[in-house]
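S.K.: First to last, the sequence lines map onto chains A and B. Numbered per the working numbering, the first sequence spans residues 103 to 219. Numbered per the working numbering, the second sequence spans residues 103 to 219.
Keep in mind the hints are simulated off the structure, nothing from the lab. Everything numeric in this text was worked out from a predicted model, so none of it was measured. Hints may be right or wrong, so weigh each one.
Which copy is meant is left open, because identical chains are indistinguishable; a pair holds if it fits in one copy or across any two.
Straight-line C-alpha distance at most 25 Å; calculated BS3-like pairs for lysine-lysine [to be verified]:
(1) K191 - K107
(2) K107 - K146
(3) K202 - K146
(4) K184 - K107
(5) K146 - K213
(6) K219 - K191
(7) K208 - K184
(8) K184 - K112
(9) K146 - K219
(10) K202 - K191
(11) K184 - K213
(12) K191 - K213
(13) K146 - K208
Number of protein chains: 2
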Amino acid sequence: MPKPKAVAIKMRIRIYAGDRMLGPGKMELLGQIDTTGSLAESAKRMGMSYTRAWQLMRDLNGDSDRPMVEMSRGGASGRTAKATPLGKKVLALYQQMESKSASAAKADGRKLARLLK
Amino acid sequence: MPKPKAVAIKMRIRIYAGDRMLGPGKMELLGQIDTTGSLAESAKRMGMSYTRAWQLMRDLNGDSDRPMVEMSRGGASGRTAKATPLGKKVLALYQQMESKSASAAKADGRKLARLLK
């Protein structure tokens with residue numbers, strides 16, 4: 103009998119719409135901003151430079167007609183970042199895609215994992 | 103009214119079991135081998151060197167107690183590669199995971215895409 107082993111299934115979802123692409127990087131940043139209210143803190147948690155996080159946020163804001171993240175003065179570090187209602191909607195849809203797809207693939211993933219060492 | 107745009111949803115699935123990982127690279131190789139019967143041709147179609155494909159195949163064969171790919175002499179190029187019954191089973195489960203997860207995420211993905219430019 104095979105010994106029990108830790109099994110995990112990870113999904114990376116990318117949505118291509120016209121010439122726009124939303125994937126795990128932008129969505130993790132949006133989620134971190136929504137949680138922390140700070141671009142600097144989000145960058146830190148993602149192990150990314152502030153400049154890179156800023157660029158990613160700018161790309162994200164260019165993906166729709168309206169921004170998904172808004173920056174404003176204030177907060178301990180001098181600036182706060184927050185997800186707009188559009189940003190929250192996009193994030194919720196993406197997270198729903200992640201959880202629905204993980205559920206749908208779970209049974210086959212466990213069967214597959216049992217065939218591995 | 104937003105103009106219609108091409109929408110595509112791509113899933114990259116990784117299965118972690120103990121210290122083993124199966125993901126898109128190994129699974130694409132296994133699928134190509136099953137289709138072409140040749141490691142050289144599979145490498146070519148994946149834009150990968152023969153050496154790299156060989157290493158990937160060896161890793162794949164180390165992921166289970168039994169091999170998923172078998173090499174033998176014969177064929178136009180001198181060697182043939184084929185997916186074993188175990189390899190075919192793993193491939194089928196992985197492809198099922200891909201199609202089930204894509205179906206499960208489709209409706210939310212389309213909603214999300216409509217929010218993009």
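S.K.: Hints first: check each against the structure and report whether it holds.
M.R.: Quick rundown of the hints versus the structure:
Proximity of K191 to K107 under the C-alpha cut-off of 25 Å is restricted to the inter-copy arrangement: shortest distance 20 Å between copies versus 37 Å within a copy. Taking the shortest alpha-carbon separations for K107 and K146, neither the intra-copy value of 32 Å nor the inter-copy value of 35 Å comes in at or below 25 Å. Taking the closest pair of Cα atoms, K202 and K146 never come within 25 Å of each other, the shortest separation being 29 Å inside a single copy and 35 Å across copies. Neither within a single protomer nor between protomers do K184 and K107 lie at most 25 Å apart by alpha-carbon distance, with minima of 40 Å and 28 Å respectively.
In the homo-oligomer, the alpha carbons of K146 and K213 never lie at most 25 Å apart, since the shortest distance is 37 Å inside one protomer and 31 Å across protomers. In this homomeric assembly, K219 and K191 come within 25 Å of each other (Cα to Cα) only across copies, at 15 Å, whereas the closest approach inside a single copy is 41 Å. For the identical chains of this complex, K208 and K184 are neighbours neither inside a copy (33 Å) nor across copies (28 Å), given an alpha-carbon limit of 25 Å. Neither within a single protomer nor between protomers do K184 and K112 lie at most 25 Å apart by alpha-carbon distance, with minima of 27 Å and 28 Å respectively.
For a Cα distance limit of 25 Å, the shortest separation of K146 from K219 qualifies neither inside one copy, at 36 Å, nor across copies, at 29 Å. Proximity of K202 to K191 under the C-alpha cut-off of 25 Å is found in both arrangements, the shortest distances being 16 Å within a copy and 24 Å between copies. In this homomeric assembly, K184 and K213 come within 25 Å of each other (Cα to Cα) only across copies, at 22 Å, whereas the closest approach inside a single copy is 41 Å. Within a single copy, K191 and K213 get their C-alpha atoms only as close as 34 Å, which misses the 25 Å cut-off; across copies the closest is 10 Å, which meets it.
Proximity of K146 and K208 under a CA criterion of 25 Å is satisfied in neither setting, with 32 Å inside one chain copy and 32 Å between copies.
The structure fails hints 2, 3, 4, 5, 7, 8, 9 and 13 (numbered hints given earlier, in ascending order).
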